[in-house]
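Undergrad: Sequence:
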Amino acid sequence: MYRQWVRASKTYCLSGMQRYNTCKKIKEKIDSDAFFGGRYVGKVIEIDSSTRGEETEENIQKLLTIEQNTNPVEIVLHVYKLKEGWDVNNLFTIIPLNAAKSDILALQTIGRGLRLPFGEITHVEEIDTLDIVAHDHYREIIDDIKDNPVFKKRNLDDEDIPETEAVKVEAVVQDQQISIFDDMFKDANVKSFQEIDTNKDIDNLYEAYQKAYVKKAAPKKKDSKPDGQITIFDLFGSGDDTNSVDTGSKEEQAPTDTTVSQDNIDITVELNEPSKSNVPELYVKEIFKQKVEEFKKVAISVPKISISYSSSIEFKSFTVKRNVMDFDVAASKIERYDAVNNRLLQTLDADPLMVDDSENTLACSLLESIPEFSYDDADLILDVVEQYLRLIDGDDETKKRIIRRYATVIVEDLQQQIYASKEEHTEFIYNVQQDLIVFGSFAKTKLKHVYGKLGYKKEVADKKNIKNYLFEGYRKSYYPVNSFDSDDERRFAVVLEDDEDVVRFIKPPLNQLGLFYRAGKQYNPDFLVETKNCKYMVEVKAANQVNNEDVQEKARAGVKWCECASKVDADGKEWKYRLVSGEDIIIGNTLKYILGLAVEVKNIDK
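Residue 1 is where the sequence shown starts when you use the working numbering, and the numbers rise one by one after that.
Just so you know, the hints here were simulated from the structure itself, not pulled from any lab data.
Quantities reported herein were computed from a predicted structural model and do not represent experimental measurements.
Treat each hint with caution, since some may be false.
Restricting the straight-line Cα-Cα distance to at most 20 Å, the calculated cross-link-like pairs of lysine to any residue (SDA-like) are [said to hold, decoys possible]: (1) K215 - L205; (2) K521 - D377; (3) K153 - L205; (4) K316 - D377; (5) K476 - K285; (6) K168 - T361; (7) K200 - K285; (8) K521 - S308; (9) K576 - F516; (10) K186 - Q434; (11) K560 - N544.
Hey, can you work out the whole structure from these sequences and the hints?
TA: This is how it looks when you write it as structure tokens:
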């Protein structure tokens with residue numbers, strides 16, 4: 001396998017296929033609960049000549065807005081439909097399933113990967129790097145440009161790359177049940193995990209759980225009824241054992257493979273139906289009640305909130321000043337010269353040119369030079385121009401000549417004064433997308449056969465490699481084990497476990513909170529903490545990083561999120577944001593003391 005390092009990394013998934021039916025089957029496979037636990041359900045679109053009408057229009061709109069954080073699409077499958085006319089910066093992975101014998105197509109594919117996701121080099125190697133895993137044709141192209149000083153390159157085949165493994169970390173409710181619980185809470189209109197108290201609540205919740213299970217997880221029996229509906233009796237049979245699930249016959253579960261042959265390349269795509277092992281257990285009521293209690297003990301009620309910003313500018317009336325004092329309107333000289341005899345023949349006076357309407361000329365120039373102006377600002381523009389013209393000495397003819405000669409200078413003078421008088425208002429608008437977030441599992445990548453699990457209070461000597469450890473033994477954590485990017489974070493988790501005022505905490509996985517601090521850029525805070533009287537979003541940073549502008553920008557987004565969450569929190573608790581320096585985290589101190597030392601978040605209204 002050949003891997004080539006060039007320059008940049010992108011963020012999106014694009015796949016091309018030759019046969020439309022294969023593309024459709026791939027979509028059905030990815031857009032199902034059986035594929036990575038339903039992670040990409042509703043996040044896949046198919047673009048090919050077989051799509052028609054409203055579906056095509058809808059997909060086009062999704063493609064046009066694909067870089068917006070409100071767009072759910074993460075995977076695009078296309079059959080030779082997206083070429084030079086479609087461009088997107090946030091690309092993670094490109095998978096061209098074709099022979100790739102064309103230099104132009106291969107170069108275009110490499111070019112897509114080389115686009116900078118943030119418009120500039122970030123100096124983060126993982127982001128600024130494009131890995132090319134391909135056959136010899138790509139190697140030939142890279143070899144042709146390897147001496148080009150624009151690119152840096154290294155051949156990863158020649159390096160000793162440490163083997164890694166992905167460790168899956170699940171919450172108290174296993175991953176196969178998480179999506180069912182998510183639908184259950186929505187259907188039962190649960191707005192707080194802590195409000196689930198009575199037996200009646202459990203009864204209603206269990207009914208919603210059964211419906212969600214039938215809808216999301218249960219293998220359907222073939223039904224001859226014309227409406228195709230399935231009942232709870234069809235699913236579980238007429239017996240009393242509701243913990244027994246008919247997973248269908250072996251013939252119904254037999255895997256089907258689709259092979260696409262393109263020239264000398266054979267691509268086999270597995271399209272296996274969910275097997276018996278993929279069907280989650282249906283909890284009987286007593287087990288269900290126990291699982292809900294376990295979940296409720298560690299789950300913080302966190303709303304999913306989207307925040308957008310709206311800016312408005314208001315120009316206020318003001319007294320105009322004349323900062324350009326000298327206007328020379330003297331006649332210029334025109335000389336007639338005899339070039340043959342090298343002598344001056346005559347010198348004539350030339351009258352300065354003038355505009356027809358001084359007021360109109362300046363008003364139009366101002367309107368064009370200030371993009372924030374609209375025709376609704378006509379009265380302000382005319383008032384400003386009239387004031388300025390009154391400050392210029394001379395009669396109308398003189399003023400017309402001055403405007404003709406000095407219009408650009410005058411407009412610049414007025415422009416500075418107008419901008420100095422404006423008032424800009426920025427409002428943030430929030431929308432509660434989901435009353436409760438049910439955090440799912442996450443994958444932790446670590447060096448294979450190196451390190452392992454430690455008790456959460458265990459201090460490690462090689463703190464630089466702390467990412468290769470998993471820490472266990474937590475009672476208040478949503479996840480039974482946690483991983484950390486720094487020892488500062490590990491110590492903070494110890495403080496949370498030891499503090500009696502802390503009820504529960506979550507170290508939220510990537511891409512599940514849905515908090516954006518800039519268009520297309522997500523912010524994943526280190527901790528969500530619930531105490532007896534309050535809830536906190538906490539970011540832990542090294543002392544030399546707390547004033548970094550990127551850290552501060554994320555912190556400002558966190559402050560705004562907490563303001564919004566406080567207004568809608570179903571538990572009636574206030575959310576607070578805290579940016580904590582690692583040097584202030586000392587085991588033995590209380591959470592209240594450490595948060596009291598939190599770093600100031602600057603320019604919150606920025």
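Undergrad: Determine for every hint whether it applies to the structure shown.
TA: Outcome of the hint check:
At roughly 15 Å between alpha-carbon atoms, K215 and L205 fall within 20 Å of each other, so this suggested pair holds. Proposed proximity of K521 and D377 is contradicted: the alpha carbons are some 36 Å apart, above 20 Å. Using a Cα cut-off of 20 Å, the hinted pair K153 and L205 is violated, with the two alpha carbons roughly 57 Å apart. Of the pairs offered as hints, the one joining K316 and D377 holds, with about 10 Å between alpha carbons and a cut-off of 20 Å not exceeded.
The suggested pairing of K476 with K285 is violated, with an alpha-carbon distance near 25 Å, which exceeds 20 Å. Annotation: proposed proximity of K168 to T361 is violated, straight-line Cα distance about 69 Å (limit 20 Å). A threshold of 20 Å between alpha carbons decides the hint, and for K200 with K285 the separation of about 13 Å falls inside it, so the pair holds. This hinted pair checks out: K521 and S308 have alpha carbons roughly 13 Å apart, not beyond 20 Å.
For the hint pairing K576 with F516, the CA-to-CA distance comes to about 17 Å; that is within 20 Å, so the pair holds. This hinted pair checks out: K186 and Q434 have alpha carbons roughly 8 Å apart, not beyond 20 Å. Among the hinted pairs, K560 with N544 is inconsistent with the structure: their alpha-carbon atoms are about 24 Å apart, more than 20 Å.
In terms of the numbered hints stated before, the structure departs from hints 2, 3, 5, 6 and 11, listed from lowest to highest.
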